[in-house]
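If you're matching them up, the sequences are chains E and B in order.
The opening residue of the first sequence carries number 1 in this note's numbering; numbering runs sequentially from there.
The opening residue of the second sequence carries number 1 in this note's numbering; numbering runs sequentially from there.
Possibly wrong hints are sitting among the right ones.
What the hints assert, rightly or not - A few chain E residues facing chain B, derived, Cβ under 7 Å:
#1 Lys113
#2 Val114
#3 Ser210
#4 Gln247
Honestly, the hints are just simulated from the structure, not real lab data.
Built from N, CA and C at the ideal position, the CB exists for glycine as well.
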Amino acid sequence: MKRNDKTPLMRVQGISVRLGGREILKSVSLDLYEGEMKVLIGPSGGGKSTLLQCMNYLILPDRGEIELEGRNVDPHNARELCSFRQQVGMIFQDFNLFDHLTAVENVGIALRKVRGMGRTEARDRAMAELERVGLGDKARLYPAELSGGQKQRVSIARALAMDPKVMLLDEPTSALDPELVSEVLTVIRGLAQNGMTMVMATHQMGFTRSLADEVLFMQEGQIIEQGSPKDLLADGSGTRTLDFCSQILDVEGCTP
Amino acid sequence: MNEEFAFLLQKLIPALNTGVLMSIRLIVPSAVLGLALGIVVGSLRAYGGRYLAPVAKGYAALFRGTPLVIQLFILYFGLPNIGIYFEPYTAAVLGFTMCSAAYHSEYIRGGLLSIKRGQVLAAQALGFSTFSTLVWIIIPQAFRRALPGCGNEIVYLIKYSSLAYVVTCFELTGQAKIVASETFRFSEVFMVVGVYYLALVSVASWGLRRLEKKLEIPGFGH
């Protein structure tokens, strides 16, 4: 099993964040093993987004540490920070594509300007990533010309092009029209099956049941329950997770 | 009538042509340098942090808050008192550049602030430094948003370039004044000068529109 690896790929230890006098995260810790898929669920305002952004140091935690492959990352060292972020891909709820660049340029720009790759090489790599998410034919379109689902797939290709060791996905389907959700989930499912290590905040319960290795239920800045989806979502398990899930109206639904 | 034509062809037009060449020599570098400096100042105002942002803000306040004539007087007549001498041409280009940069910075700053923070986050998540985020992601978009305003500033520059004559740099307006005061034909001279400026502004507007078209991106800015 994946879990038998000795050291976690990524280790989050005692992360605390205060924003505007409110405690958003209260000493959150988690170990992420290679090839593992963890799903964060919980009510909005519970700290899922903040935790994910901390895991890429987009938010600097007030306390706590992050280790990648056993090495501590110093977020105050600009070079170390940039190289860390390249290894940890981030997918946002509202895509955040670069509006002035075509799909293929969106994917290639970091290769050129961060990795220092040449123009042709970067374009070839970007094309390959777009094809991987099924968008080879949309390479020359600008974000405004793409549907929400296509935008999110471009943003996944953009993150994948950097060869990340871990992918963080912050509610990647929440801003999408219902009919566009499945195309994005299909891409993410493909990643999981190919062994990508991921942490994903989502309310897609069917997806979680079938793919998550572990579910973390977050509320008020803490992980209050964690376990396999089978245990946490079992009928009559009486968990907060199950209780929460039965409240969300989800097409895929986790209640019968 | 013949005499009118002779005056126009032999005296006025050659003088104004000399003048307009000087005007172009003033306007083009001032527009390019002013825009470049404006982008720097505008970026510092929006992203300069605790130390550089106030400096850039102060710069803009000073140069937007004082008349250009006064700035030119200080550059050309004031600075020699402390041992700094400029040629009239240099003083004029310097004055125009610094003044228009202050205005450009305002448009650029507005453009920068209109770009959603999510794109900054996305760039940082990919490993971009703050500087390269600004250069490759934010400024290219902010510039497109600011272009109509910046173009407007360049049109103003064409007209306030006529102030160069106060530092004895004889461009279009300066040459016209000389001819007018020699011949006392003020209305004819300045009407023709008006046509010259109109032509300059029309060419500039056409060029700016072409630039906007060239930089246009489907769905951007809507």
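Comparing the hints with the structure gives:
{"no.": "1", "hint": "Lys113", "verdict": "5 Å, holds"}
{"no.": "2", "hint": "Val114", "verdict": "4 Å, holds"}
{"no.": "3", "hint": "Ser210", "verdict": "27 Å, violated"}
{"no.": "4", "hint": "Gln247", "verdict": "29 Å, violated"}
When held up to the earlier numbered hints, the structure conflicts with 3 and 4 and fits the remainder.
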